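Full structure from sequences and hints, please.
From first to last, the protein sequence lines stand for chains A and B.
For the first sequence, our numbering gives the first residue as 1, with consecutive numbering after it.
For the second sequence, our numbering gives the first residue as 1001, with consecutive numbering after it.
Don't read these hints as lab results, they were simulated from the structure.
Quick caveat, the model's predicted, so the values are computed rather than measured.
It is possible that some hints are incorrect.
Unchecked claim - DSBU-like, lysine-lysine: derived pairs with alpha carbons at most 30 Å apart:
id	chain 1	residue 1	chain 2	residue 2
1	B	K1129	A	K83
2	A	K72	B	K1177
3	A	K97	B	K1129
4	B	K1177	B	K1164
5	B	K1128	A	K72
6	A	K106	B	K1177
7	B	K1188	A	K72
Stated by the list, open to error - Ranges between beta-carbon positions, derived for each pair:
id	chain 1	residue 1	chain 2	residue 2	range
8	A	L94	B	A1055	48 to 58 Å
9	A	E102	B	N1107	51 to 61 Å
10	A	L73	B	L1041	37 to 47 Å
Positions of the beta carbon are idealized from the N, C-alpha and C atoms, including for glycine.
If you want the building blocks of each chain, they are given just below.
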Amino acid sequence: MRNGFGISMNKSEETISISNNNGENLLVLLEEEQRKSGYLSQEFITALAQSLDTPVSEIYGVISFYSFLSNKLQGRNIIRICKNLPCFLKNSELIIKCITQELGIKPGQTTPDGRFTLVLTNCIGACDKAPAMMINNDIYGDLTPQKITKILESYK
Amino acid sequence: MADITVTINGNQITGHAGITILELAKENSIDIPTLCYCPDLPPMGACRLCVVEVAGSKALVGSCHTPISQGMVIQTHSPKVMATRKIIIELLLASHSGFCTVCDKSNICELRKLAMDMDIGLSRFQSKKRYFPIEDISPYITRDLSKCVLCRRCLQICNEVAKKRVFGIGYRGFNSKVIVDLDQPIDKEVCRDCGLCITSCPTGALSNPAQIGEEKKGTPLVIRG
Ligand code: SF4
Ligand code: FES
Ligand code: FES
Chain A
1 MRNGFGISMN
11 KSEETISISN
21 NNGENLLVLL
31 EEEQRKSGYL
41 SQEFITALAQ
51 SLDTPVSEIY
61 GVISFYSFLS
71 NKLQGRNIIR
81 ICKNLPCFLK
91 NSELIIKCIT
101 QELGIKPGQT
111 TPDGRFTLVL
121 TNCIGACDKA
131 PAMMINNDIY
141 GDLTPQKITK
151 ILESYK
Chain B
1001 MADITVTING
1011 NQITGHAGIT
1021 ILELAKENSI
1031 DIPTLCYCPD
1041 LPPMGACRLC
1051 VVEVAGSKAL
1061 VGSCHTPISQ
1071 GMVIQTHSPK
1081 VMATRKIIIE
1091 LLLASHSGFC
1101 TVCDKSNICE
1111 LRKLAMDMDI
1121 GLSRFQSKKR
1131 YFPIEDISPY
1141 ITRDLSKCVL
1151 CRRCLQICNE
1161 VAKKRVFGIG
1171 YRGFNSKVIV
1181 DLDQPIDKEV
1191 CRDCGLCITS
1201 CPTGALSNPA
1211 QIGEEKKGTP
1221 LVIRG
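Here it is as structure tokens:
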């Protein structure tokens, strides 16, 4: 499989070959893989490090820096609730409590059926609609406990 | 190369074009404290301890990575500079969880020396402490990252001198940490025993593994009650 970044990847054999790439697109490569596989496996990280001639620690450093990248297997839908000040002032704590109760998991955990992963994130740029959260790529703002159940229901 | 004349603390001083403010100060025995700076290696500008005041510049500038330019007017020990350096050390001390009284390296610790030089006793700031498990599985190096101040000197030495690129920086903000591979404890597979990072570490975070009992070969001392 080929894509615009000159990376061809065969998932089953975990082989990666990269042409005309010098590591400058590291974030793009990581994001791409995250979208495809849902997370960044140890095998992927090691193989990528080798092909870019970059230390594993550097790649892991990037992954652990960005909360949108994950090296753990995640649920089918990822809920990111904003934990920064504007949302906090608009009572995001209540939203967090509401969702943890609804799903029976804490931030950082995944539901046993693999349907949701819940994480807290930094500002997602929706402060005008605080308290806000994202599910996958959709933004939900002006959240109230009443809205939560309905929103969650639409994700299978 | 052409020479450049600048004013440091009211005195005209001349140095080669291309050198940094810190280097010029050193040549002229002006003492600017540093923490992340490794002589002869590319500057990282990570700790900000070396800041000085430069006329015309709004913010304080890092002397370890700012080259001198013609006519610069520099203050290395103005009240503003001193207050800033003091806060930096106090903030480092606030989250540093080493206890000097029981630390093997306290007598050669640069952090402690800097605190002493600046007359800092207890930090004014209260903060969460950074605690990490001690990594002592390698026969060559023991890492106690609770004592690490994130100066990145070990990265610099390992990357630039040993050329092994063992360390990286993981996570962010308060959770930042010097990591090895996928944040695994350092072992003898990834790091051979060059020991460069151990000597470069300003604190007690990196050390030679303790060899308890190996120095003393006699019968163990038994104390009878
Ligand atoms: S381990 Fe030592 S040299 Fe490395 S970043 Fe921490 S304090 Fe600096
Ligand atoms: S602070 Fe919550 S979206 Fe910006
Ligand atoms: S010594 Fe200049 S920033 Fe650390």
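Each hint tested on the structure:
Using a Cα cut-off of 30 Å, the hinted pair K1129 of chain B and K83 of chain A holds, with the two alpha carbons roughly 22 Å apart. Restraint check: the Cα-Cα separation between K72 of chain A and K1177 of chain B comes to about 19 Å, which is no more than 30 Å; the hinted pair holds. Restraint check for K97 of chain A and K1129 of chain B: satisfied, since their Cα atoms lie roughly 27 Å apart, inside the 30 Å limit. A threshold of 30 Å between alpha carbons decides the hint, and for K1177 of chain B with K1164 of chain B the separation of about 18 Å falls inside it, so the pair holds.
Taken as a hint, the K1128 of chain B and K72 of chain A pair is honoured in the structure, with Cα atoms around 27 Å apart against an allowance of 30 Å. Note on K106 of chain A and K1177 of chain B: the hinted pairing holds, with a Cα-Cα distance of about 24 Å set against a maximum of 30 Å. For the suggested pair K1188 of chain B and K72 of chain A, the alpha carbons sit about 26 Å apart, so the restraint of at most 30 Å is met. The beta-carbon spacing between L94 of chain A and A1055 of chain B, approximately 52 Å, falls within the hinted interval of 48 to 58 Å.
Between E102 of chain A and N1107 of chain B the CB atoms are about 56 Å apart, so this pair conforms to the stated range of 51 to 61 Å. Distance hint check for L73 of chain A and L1041 of chain B: the Cβ-Cβ separation is about 40 Å, which falls inside the suggested range of 37 to 47 Å.
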